[in-house]
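J.: Spelled out from the first residue to the last, the chains are:
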Amino acid sequence: MTHEILLAGFGGQGILFSGKFLAYDGLLEDREVSWLPSYGPEMRGGTCNCSIILSDSKIGSPIVSNPNVLVAMNLPSLDKFEASAVPGAKIFVDSSLIDRKVERDDVEVYYIPATKLASDENLPGLANMIMIGHVIAKAGVMPYENVETTMKKLVPAKKQNLIELNIKAVELGYNY
Amino acid sequence: MAEKVLMKGNEALAEAAIMAGCRHYFGYPITPQTEIAAYMAKRMPVIGGTFLQAESEVAAINMIYGAAAAGKRAMTSSSSPGIALKSEGISYLAGSDLPALIINVQRGGPGLGGIQPSQSDYFQATKSAGHGDFKLIVLAPASVQEMVDLTFKGFDLADKYRMPAMLLSDGTMGQMMEPVSLEMGEVKEYDKSSWAACGTKCEREHNVVNSLFIQPEELEKYNFERYERYAQIEANEVMYDEYKMEDAEICIVAYGVAARVSQNAIDKAREQGIKVGMIRPITLWPFPKAVLNAAADKVKAFISVELSMGQMIEDIELATRCKKPVLLCNRVGGMIPTTEDVLNSINKANSVGGDK
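Sequences listed follow chains A and B, in order.
Oh and the first sequence: position 143 is 143 in our numbering, straight run, nothing missing.
Oh and the second sequence: position 251 is 251 in our numbering, straight run, nothing missing.
None of these hints come from the bench; they were simulated from the model.
Be careful, since some hints might not be right.
Ranges between beta-carbon positions, derived for each pair [claimed, not checked]:
(1) B/Val352 with A/Lys80: 34 to 40 Å
(2) B/Val352 with A/Lys58: 37 to 43 Å
(3) B/Lys348 with A/Pro143: 40 to 46 Å
(4) B/Val187 with A/Asp30: 50 to 56 Å
(5) A/Asp79 with B/Cys322: 46 to 52 Å
(6) B/Pro45 with A/Gly46: 49 to 55 Å
(7) B/Tyr190 with A/Asp56: 39 to 45 Å
(8) B/Pro45 with A/Glu29: 35 to 41 Å
(9) A/Gly46 with B/Ala231: 38 to 44 Å
Ideal placement from N, C-alpha and C gives every residue a C-beta, glycine not left out.
Whole structure, please, built from the sequences with the hints as guidance.
T.: Okay, structure coming up:
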C-alpha cells in the first residue's frame, strides 16, 4: 500500500508540520517514508506544499506529481493541483477558505471548514491538524491510535501544551 | 541495527561529517544548502569544533586549505555559483595534495540561475573544478542515507588518497527527509605526520604544503605521480548500483534524484513488458566505465536521465565506445523529469534502439 500525499496551502498554515506528523508516524510504523517540501521563493508568505510518500516498498521518486491524497488549504492550491490527482484520489478541501467545489467527478471529495473549526474551538493555527485528523479518518494514512505517540515523538516534551492542543485538533477533524 | 531517525538530507550530512571527525567547517550561506551551515553553527561550538561563516566563498575554501594543511578533517559546503567561486581554492588543494570534503548541493544555472534542484555542475565536478590537471573524487548520493554514508566515505577517501573529494548532491536530496541510520562504524585514522604542517616541536624538518613548483621538471613529476594515484582510484574505488539489470534490454544511467524518478519509470515500463534496468553511478569520478561497457554488449540502447542539457551522456558514450545509441532524457533550470518523461524516453529507446 502506498500513500502519495500532497499537502498544499499558504506559508504559515503549518503545511510542512502536518506533513512531518504523517512522516514521523511512517517512521514509527517502520514504513518507507519520504517528505519533501517546496522550498522556492513562493514560501515567503505565498503558497507552500509538501510531498509525503508512505509505502510498504522502497520509494523511488520523492516528488508527488499525482497524489492519491490531496489536501488543499487555499484556492490557489486547489486550482493548481486538482487536475494532477489520480482518478479515485481523495481530495480534502478547507471549505472555510475555498468557496468553490471540486470540479472533477472521478475523485472522492471531503469538505471540512477546518479554519473556522479551529477558530470556533479556540485552536489557533491548528486548521492543519484538523485537516490531518479528517485525512486519517477518511484515507487511512495512519492508525488513529498512533496519534498521541507520534505527536509526542514530533513535539518536544517541553512544549506539552502544544502536544495537547495538536492532539485535540486531530481528534476534532477525525470525528467531524 | 541502529534506530532510524527522520532527518533532512542537509542536516543528516552535517551530522555525518561530525561523526566522521570533522571539527572544522567554513562556509558561506546559499540556498539550497544553508541547513548544513546552520547545523554546524549549532553543533560545532558544543563539541569543541570550529564553525566559521567566512566573508566569502573564496575565503571559506582557503580556510579549508589552512585546516587541511594542518592535518585536520575540514569541510565546506555551497551550491553551484558558490562552488564556482571556490574553484581556485579547490585547484590549490589538489595541487598541494590536501584532503578535504566539498559539498555541492546543486541548483540551476548558469549565472546566479535559480534555487531549484539541478545536476548541471556535472562537468564542473568531474572534469574541471578548477585550473590545471587534477581530479576530484565525486560522490553522488540518491537518498538521505547516502548523504550520510557518502559523507563518511568522502572523508575517508580524501584522507586515503590525499586529495579533495566532492559530494555532488542537489536541492531535492538536501531538502527531503527520509528515515536514516547514523550508525557509521569506526573512523579510520590516517597518519599525516609526513606531510601535515602541524608543528615540528623542533624535532624534525619542516613539512611544507605548497602547490608552486617553478621548475617544470619538478611540476611534471608531481603531476605524473598524482595521476598514478588517480589510476589506483579508478581501479579500486568505483561504486555503482544496479536496478533490474539482469535481463534488461534498455539501460538507464542516472544518479541522484534523476535515479529516483527513473526507478518509478522502470517499474511502470516493466508492467508494460519492457525490459529496462538502471546502472546508477555512485562515484561520478571514477566513472563506472567497465560495467557500462559490459552492459553495452547486452542492451540495445542507453538513456541518460539527468537534470542538465546533457553532460553525463558524454561519459556514457565514451565508456561504451558508442557501441549502442544513448538517448537523453532531461529537464533543466530547476525542473525535474517526471516519471512520464522517463517512460516516454524508454518507449522511444525501445522502438529505435539496436537490432531487436
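J.: Could you run down the list of hints and mark each one as holding or not?
T.: Evaluation of the provided hints:
Between B/Val352 and A/Lys80 the beta carbon distance is about 35 Å. The supplied range of 34 to 40 Å therefore holds. Separated by about 30 Å at the C-beta atoms, B/Val352 and A/Lys58 break the suggested range of 37 to 43 Å. Checking the proposed 40 to 46 Å range against B/Lys348 and A/Pro143 shows it holds: the Cβ atoms sit about 44 Å from each other. In this structure the supplied range 50 to 56 Å is violated for B/Val187 paired with A/Asp30, their Cβ-Cβ distance being about 29 Å.
At roughly 47 Å, the beta-carbon separation of A/Asp79 and B/Cys322 lies within the given 46 to 52 Å, and the hint holds. A hinted range of 49 to 55 Å for the beta carbons of B/Pro45 and A/Gly46 is inconsistent with their spacing of about 35 Å. A beta carbon spacing of about 42 Å between B/Tyr190 and A/Asp56 agrees with the range 39 to 45 Å that was offered as a hint. At roughly 36 Å, the beta-carbon separation of B/Pro45 and A/Glu29 lies within the given 35 to 41 Å, and the hint holds.
Remark: the range hint 38 to 44 Å for A/Gly46 to B/Ala231 is contradicted by a beta-carbon distance near 52 Å.
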